[in-house]
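Enquirer: Protein chains in written order, with this note's numbering: chain V, 1 to 206; chain E, 1 to 206.
Source of the hints: derived by calculation from the structure; they are not laboratory data. These figures come from a predicted structure and were not determined experimentally. The beta-carbon is built from N, C-alpha and C at its ideal position, and this holds for glycine as well. Mixed in with the good hints, there may be bad ones.
What the hints assert, rightly or not - If the Cβ cut is set under 7 Å, some of the chain E residues that face chain V in the computed set are:
#, residue
1, 2
2, 5
3, 7
4, 9
5, 10
6, 11
7, 14
8, 16
9, 41
10, 45
11, 55
12, 56
13, 65
14, 96
15, 99
16, 100
Unchecked claim - Now the stretches of chain V that chain E is said to cover, found in silico as 3 or more residues with beta-carbon under 8 Å:
#, region
17, 22-32
18, 85-96
19, 108-115
20, 168-179
To be verified - Sample of chain V residues facing chain E (criterion: CB under 8 Å; computed from the structure):
#, residue
21, 14
22, 16
23, 41
24, 65
25, 66
26, 70
27, 145
There are 2 protein chains.
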Amino acid sequence: MEFSSKLIERAVNEFSQLPGVGKKTALRFVLHMLKKEKEEVEGFSESLLRLRNEICFCKNCYNISDKELCEICSNPSRDERVICVVQDIRDVMAIENTGLFRGQYHILGGVISPIEGIGPANLTVEPLVRKIESTGVQEIIMALPATMEGETTNFYIYKKIAAFNITVSTIARGIAIGDELEYADEVTLGRSIQFRVPYSNQLVNK
Amino acid sequence: MEFSSKLIERAVNEFSQLPGVGKKTALRFVLHMLKKEKEEVEGFSESLLRLRNEICFCKNCYNISDKELCEICSNPSRDERVICVVQDIRDVMAIENTGLFRGQYHILGGVISPIEGIGPANLTVEPLVRKIESTGVQEIIMALPATMEGETTNFYIYKKIAAFNITVSTIARGIAIGDELEYADEVTLGRSIQFRVPYSNQLVNK
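Starting from the given sequences, assemble the full structure and let the hints guide the process.
Expert: Structure representation (structure tokens):
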């Protein structure tokens, strides 16, 4: 693609480094930015700089935050004895949106994946083990993706913390609410039969 | 969506104003920016500011450029007697990529669309007429989209410049190279039969 100006070429190159954005989409973004008011573009530009310069990781759970402790870890009404282990910050947001979890999180920063060269040392497994050792954690809920890598990570962490006297669970897998049984894959359906939940339990939870 | 920091919320809002970008994609972009080096984010931020502050419109063809006259208009080897009228800068890039046009362009900035409230006054029709009046333009090639709005604009401009002694043509419509006839829509196929091209002409052009 040839551009009528070096400035446009540079901005297109910058935008096209965003995940899932090619040159054509980047050009659309650039033409959109050109139509905006000067102040709006300055605001955009400034918010990127502040984002990169002021955001840090929460020293307790590794969530991104603008303070030393994130809002969840510094909230006294959250139960610090229950820790939900997730892959990244987007999972925290998804679980927070359900409004059904009142414990704290621990963000691993990924899952073990030999193919991508990610081992336990690249993740925040050690800090998790230390947190369990030194504080009164009673339950760990593993909420990692239901993939080979997620299961490997589950197993690795379980082995690491099995010696401590705590409950370790994973989130339930099964047929999603609203899904038809006939369209479900057999592994999911099989698992949801194997790990069926007593109906009386569900009534108690309501 | 709830964010763990106001800075993230603000950056997500900025990104989600880009065309075709929702909150989830914007969050992916923000997390990507957080993983980048500080210098890279500063470079991105600066390129946006320079883009907005230094880019202007070419005073001859209304292409975007960082000079008064764009690279095409200031190139002495381009034929200023042949002008291709297009909707926006992306069409200029598409035609430039073919390498088969050696004239100059005129960017309308849109097409006449009463539904979207775009009339001739919102487009650069007047400057085009003035250019034809005052310089030695010999041919106008209309390269607008083959839509109702594009055809309306073609007709409007044709009426405006019909009095001048110049050739006005539109780019050819027809079956695309590599397309099967049976899958073509009947309007396109009908047009490509109606405006068939003598085979001898095509041999001459090769």
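Enquirer: State for each hint whether it applies.
Expert: Evaluated hints:
Taking 7 Å as the C-beta contact cut-off toward chain V, the hint placing residue 2 of chain E at the interface holds, the least distance being around 6 Å. With 7 Å as the threshold, the beta carbon of residue 5 of chain E comes within range of chain V, its nearest partner Cβ sitting at about 5 Å, so the hint holds. Interface restraint check: residue 7 of chain E against chain V, minimum CB-CB distance 5 Å, threshold 7 Å, status holds. Interface restraint check for residue 9 of chain E: the shortest CB-CB distance to chain V comes to about 10 Å, outside 7 Å, so the restraint is violated.
Interface restraint check for residue 10 of chain E: the shortest CB-CB distance to chain V comes to about 5 Å, inside 7 Å, so the restraint holds. This hint holds: residue 11 of chain E has a C-beta 5 Å from the nearest C-beta of chain V, less than the 7 Å allowed. Interface restraint check for residue 14 of chain E: the shortest CB-CB distance to chain V comes to about 5 Å, inside 7 Å, so the restraint holds. Evaluation of the residue 16 of chain E hint against chain V yields a violated restraint, the C-beta minimum of about 11 Å exceeding 7 Å.
Taking 7 Å as the C-beta cut-off, the interface hint given for residue 41 of chain E holds, the closest approach to chain V being about 4 Å. Because the smallest distance between the Cβ of residue 45 of chain E and any Cβ of chain V comes to about 4 Å, under 7 Å, the interface hint for this residue holds. Taking 7 Å as the C-beta cut-off, the interface hint given for residue 55 of chain E holds, the closest approach to chain V being about 6 Å. A cut of 7 Å between beta carbons decides the hint on residue 56 of chain E: the least distance to chain V is about 10 Å, and the hint is violated.
For residue 65 of chain E, the interface hint holds, since its Cβ comes within 7 Å of a Cβ in chain V; the closest pair sits about 5 Å apart. With 7 Å as the threshold, the beta carbon of residue 96 of chain E comes within range of chain V, its nearest partner Cβ sitting at about 6 Å, so the hint holds. Interface restraint check for residue 99 of chain E: the shortest CB-CB distance to chain V comes to about 10 Å, outside 7 Å, so the restraint is violated. The criterion of a C-beta within 7 Å of any C-beta in chain V is not met by residue 100 of chain E, whose closest approach is roughly 14 Å, and the hint is violated.
By the rule of at least three residues with a Cβ nearer than 8 Å to a Cβ of chain E, the coverage given for the region 22-32 of chain V holds, with 7 such residues. Only residues whose beta carbon comes within less than 8 Å of a beta carbon in chain E count, and the region 85-96 of chain V has 6; three or more means the coverage holds. A stretch counts as covered by a chain when three or more of its residues have a beta carbon under 8 Å from one of that chain; for the region 108-115 of chain V and chain E the count is 0, and the coverage is violated. As drawn, the region 168-179 of chain V meets chain E at 0 residues by the rule of a beta-carbon pair under 8 Å; below three, the given contact is violated.
This hint holds: residue 14 of chain V has a C-beta 5 Å from the nearest C-beta of chain E, less than the 8 Å allowed. The criterion of a C-beta within 8 Å of any C-beta in chain E is not met by residue 16 of chain V, whose closest approach is roughly 11 Å, and the hint is violated. A least Cβ separation of about 4 Å between residue 41 of chain V and chain E falls short of the 8 Å threshold, and the interface hint therefore holds. Contact between residue 65 of chain V and chain E, as hinted, is supported at the beta carbon level, the nearest pair being about 5 Å apart and thus within 8 Å.
Given the 8 Å rule on beta carbons, the hint for residue 66 of chain V holds: about 5 Å separates it from the nearest Cβ of chain E. For the restraint placing residue 70 of chain V at the interface with chain E, the shortest Cβ-Cβ distance is roughly 5 Å, inside the 8 Å limit, so the hint holds. Because the beta carbon of residue 145 of chain V sits about 16 Å from the nearest beta carbon in chain E, more than 8 Å, this interface hint is broken.
Comparing the model with each earlier hint shows violations of hints 4, 8, 12, 15, 16, 19, 20, 22, 27; every other hint is respected.
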